[in-house]
Each structure stands twice: as structure tokens, then as C-alpha cells.
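Chemist: Following the hints, complete the assembly by docking chain B onto the known chain A.
Here the protein sequences come in this chain order: A and B. The first sequence begins at 1 in my numbering and counts up one residue at a time. The second sequence begins at 1 in my numbering and counts up one residue at a time.
Since the hints were derived computationally from the structure, they do not count as laboratory data. Check each hint, because a few of them may be wrong.
Any copy will do: because identical chains look the same in the list, a pair fits if it lies in one copy or spans two.
No farther apart than 30 Å at their CA atoms in a straight line, the calculated lysine-lysine pairs in the BS3-like style are these [stated by the list, open to error]:
(1) Lys131 - Lys212
(2) Lys162 - Lys42
(3) Lys131 - Lys273
(4) Lys273 - Lys212
(5) Lys42 - Lys273
(6) Lys212 - Lys91
(7) Lys91 - Lys162
(8) Lys91 - Lys42
(9) Lys273 - Lys91
Protein chains: 2
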Amino acid sequence: MVEPLLDRIALIGIGLIGSSLARVVRRENLARHIAISTRSAKTLERAEELGLGNSYTTDPAAAVADADLVVVSVPVGSSGAVAEEIAPALKRGAILTDVGSTKSSVIAQMAPHVPEGVHFIPGHPLAGTEKSGPDAGFAELFENRWCIFTPLADTDPQALEKLSEFWRRCGSNIDTMDAEHHDRTLAIVSHLPHIIAYNIVGTADDLETVTKSEVIKYSASGFRDFTRLAASDPTMWRDVCLHNREAILEMLARFSEDLASLQRAIRWGEGDKLFELFTRTRAIRRSIIEAGQDIDAPDFGRQAVEHPKS
Amino acid sequence: MVEPLLDRIALIGIGLIGSSLARVVRRENLARHIAISTRSAKTLERAEELGLGNSYTTDPAAAVADADLVVVSVPVGSSGAVAEEIAPALKRGAILTDVGSTKSSVIAQMAPHVPEGVHFIPGHPLAGTEKSGPDAGFAELFENRWCIFTPLADTDPQALEKLSEFWRRCGSNIDTMDAEHHDRTLAIVSHLPHIIAYNIVGTADDLETVTKSEVIKYSASGFRDFTRLAASDPTMWRDVCLHNREAILEMLARFSEDLASLQRAIRWGEGDKLFELFTRTRAIRRSIIEAGQDIDAPDFGRQAVEHPKS
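In isolation and in its complexed conformation, chain A is listed as follows (with noise of 0.2 Å):
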């Protein structure tokens, strides 16, 4: 047997990213002990009775103690307090990550409670779904996934390889870039996506003329494909708007811009212009399906979930 690669790891949280962490390290022996902790008692429970660890705890303090790595897995807006609760015992040597969807802001509130001889690398591995909680994490879900580092200009190379290794046994994509980049791409490929899928279900919800029952009845003609990203956890997304607020502004602006846009080409019946967007964004689906990142099958093979035979 492989030896592992971290004596004990401490998970911070314990919903989708951190239960799925926990089911990963398990599968692949990535670690000898799995303390876990969250802050609520229930949660904390539920993952003992699903025996996502080795050792549980509503005390961070107490799972970091002598952990070789520790991943906080909390809605941003809590990195700081998090931060603050552990910073004292962190072992020395001991490489401290986070997985938040915003860089920035997790470095300015985590970086400054970080004790001298801990290893604090900002990472976000872009995998998820809908779900929440303990119960909805899988080991598969970092399966060919990138994680992204943003590194601070004095981060030990040692490390961050270490890290890395770590993250690939869990298999994913290694990528690094500085905070603001990364808070900008996830602006656009992320944080833009779910907040106009918000916006739009929201719409629908707030209609006079066409009733709900309608929308949810219709709904397979477009307006399911975007209930997904709206039905994702509300406090992990209040917090990303929160946090990541100025590239967020500026990627609403230029959606907002280029609607108007084709606002007034369907006012004005411009059919070529519309024709022209509708063929350049066909293409940008294949490059994603080439670059492995969704699969090819219709309707994002409900089709094969509802008719496993055909």
C-alpha cells in the first residue's frame, strides 16, 4: 500500500467541497486522519453518521492542532473569522488552504492572522453543483476540474508542490494566477452566470400575466436549464457578490450593455445581427465540449437519466 501523502488533514466545514474532500482523501488514502469540523452541531453530526472522518469537532481550533493541511471550506465571508479562530493552533509547517470562489478578499481577510512558519495558498477548485451539505458531496466531483492557485509573492514552492500533489490525487487540473485575475475570470465564467440565472428566475417568479404553475410546467423549453445554477446554496452566493463586488460590477455592465444591444436589434428587426450572435456563440459550445468540460449528449444528457435504455 501507497503510503499517504499527509499524516492528518483538517477539513474546516463540511458541505458539498469539504464532504466531497473527505470522501476523495478516503478513497484515495490520501491522509491518515480525517478531523472534521463545522460549526453547526447538526451538520457536525450528520457527518460523523456518514462517516466522512477520523475525528469531529464544532472546535477549529482543536482539528487544526497538529494537521498537515487544513482546508477551509466556508462561505467566504466567514475566511476571516475562521482565520482568526485557528491562527493560534496552526502547527508549524502546516499548509493552510481555503477553496472560495473570490481570491481577493479571502487573502485580505485570511493572510493577516496567518503565523509565521504556516504555508497559507489561496486555492478554488471550480467544481460544484446545486446541492448543499454533507450529504450532497461525491469523490467524483473534482474529476478532471481545474483548482487554481493565487499564490502571494512569498509562498514556499516546496509547498505549493505539495499542495498541488495533493489536489491532483484528487483529480484535478492544476492552474496558478494572481488574485485579481482570477477574481475577474471567475467573475465572468462564474459569479455573472448564477447571479443573471437569480435574476431571470426571479423575473419569471414576479409575473402578473403568466403564472407559476405555467412557468414551472413550460419550463423545459429554456427556462429549467437556468433553475440549476439558481437553486445553488444563498449564503455562499450572497457572499460571492459581496466579495468579489467590483469585477462582478463590471462584467454586469457590459452584459447590460451588450442587451441593450440586442434589445434594439429585435425592436428594430435586425435579423442579420441577430443571426450573426446566434452563429458566433454555437461555436464557443463545441471548443467547451472539446476542452472536456461538458459532454456532447443533448440536453446535457438528461436524456440518458430519464431513458437509460434508449
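Modeler: Same frame as chain A, now just chain B:
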């Protein structure tokens, strides 16, 4: 063996919808003869290679001669021209229907050409995928999906019942409503989602600070959900935009108003307002799943397609 419902069905247009109809009509033995017509000789040849029908012609008038049921499945902007071409050849007592996503415009285009004694019943099966063409169709496309009729004031109830029976045997559930209500409902559940998806993919394609390859690499974090709708047939969607203009502009105005308000909440850090919206939208997805209009598997079940054994 049960008697076929129809002697002869004529399918005008053999794209995703037409070719799915051909397949389910064959599987369910709904007609003795399937006559296929489409404008493009190349598409017609492909339909013949696929063995979708019993006869093939580029002349729609030849296809509809003697047909009991004629289904026009072309971009809505071509409805008028097709109706004019086939009108003289329609059999007395025949049912003429369509599958277009806009109904007021199709009625305005087709009704004036319909001869005395032919039952014109506008229809719209709410079914489709992002794929197009005769290869993209499949017999299960209409299963558990709604087919909406927007009958005219003088529609013969027997003809309506016969057409309803046809679609039920294709797997659909039947609804009827007036054309104006249909167009407004579809504007929110289908047309606006497609337009928003095309728009956000266009916005991402135009950025200077985030490269196209980054958008593609990191698309699994949300963006890819939009690319499916934005890969839909450009001609079909150009026509929808041009032919349901008023209802679409109304829904776009509401959407933009809501987005401006959401943008303001982000700018001013109104976390409670964001949390309230993000919570409310979650309930709608649950209702859609309960109504059988989407699957509950995370990520639209992509997981099951990517990792069939897990």
C-alpha cells in the same frame, strides 16, 4: 395490430422536430405513409438515408396531396410561404398544424391561405434540444412534454380531438390556450432564456481581460449551463425574435429592471436583499422537479453520463 391513426402524414421540414416526429410515428405505427418534404435537397437525401419516411420530395405540395395530417416544422418566418405553396394541394378534411414557437405570427401568416374545409390548428410541442437537423431527432423527444394548441374561434372539436390523440400517442400532454397568452408565456419560459443565454455567451466572447481559452477552460463553474441554449439553431431563433417581438421586449424590460435592482444591491452591499432573492429562486427548481419537467440528479445528470458506474 392496432389500426394506424392516419392514412398519410406529411412532414414539411425534417429538422429536429420533423425527424423526431417521423421516428415516433413509425415506432407507434401512427400512419400508413409518411411523406417527407424539405426545401434542401441535401437534407432530404439525408432523411432518405436515415429511412425516416415512405416518400421524399422537395415539393411540399406533392407531399401534402392526400395527407390526413400535415405538420409544418419550419422556422416561423417561413410559415407563410409554406402555407401559400401547399394550400392548393391540401385535401378537404385534412388537418393542418405547425410546431412553431410563436403563434400569433404563424396564424397571421398561415390562416389567410388555408382553404375552406381544411382544419388549421396551430400547435407548439414544447420539446427540443440544442441540436438540429434530421440526425438530431429521436422518438422520445416529446415524452412527458407539453404540446400547446391555440385553436381558432371556428376550430372543429373533432379535428382538435384527433390532433390531440396524435400528439398524446407521440408521448405529449395536451394544453390549449389563446395565441396571445401562448406568446407571452413562451416569451418568459423559452424566448427570454434563449436570448439571455446568447447574450451572456456573446459578452464572454468579447472580453479583452479574460481570454477565450480561459472562458472555455473554466466554464464548468457556471458558464457552460448557458452555452447549451446558446448553441441552438440560429435561423429558428432569429425568426422567433422577429415574430414575437412585443412579448419579448416586455419580458426583456422586466428582466433588465430586476437586474438593475440586483446590481444596486451588490453595489451597496445589501446582503439581506441578495439572500432573500437567492433563497426564493431555489423553491422554483424544486417545483419543476416535482412536476417532472427536470431531473433531480446534480448537474443535470452529467455526472451519470460521465461516470456511469458511480
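Chemist: All hints, please: hold or fail.
Modeler: Here is how each hint holds up against the structure:
no.: 1; hint: Lys131 - Lys212; result: both (23 Å within a copy, 28 Å between copies)
no.: 2; hint: Lys162 - Lys42; result: neither (33 Å within a copy, 57 Å between copies)
no.: 3; hint: Lys131 - Lys273; result: between (38 Å within a copy, 22 Å between copies)
no.: 4; hint: Lys273 - Lys212; result: between (33 Å within a copy, 21 Å between copies)
no.: 5; hint: Lys42 - Lys273; result: between (55 Å within a copy, 27 Å between copies)
no.: 6; hint: Lys212 - Lys91; result: neither (54 Å within a copy, 41 Å between copies)
no.: 7; hint: Lys91 - Lys162; result: within (16 Å within a copy, 76 Å between copies)
no.: 8; hint: Lys91 - Lys42; result: within (28 Å within a copy, 70 Å between copies)
no.: 9; hint: Lys273 - Lys91; result: neither (60 Å within a copy, 40 Å between copies)
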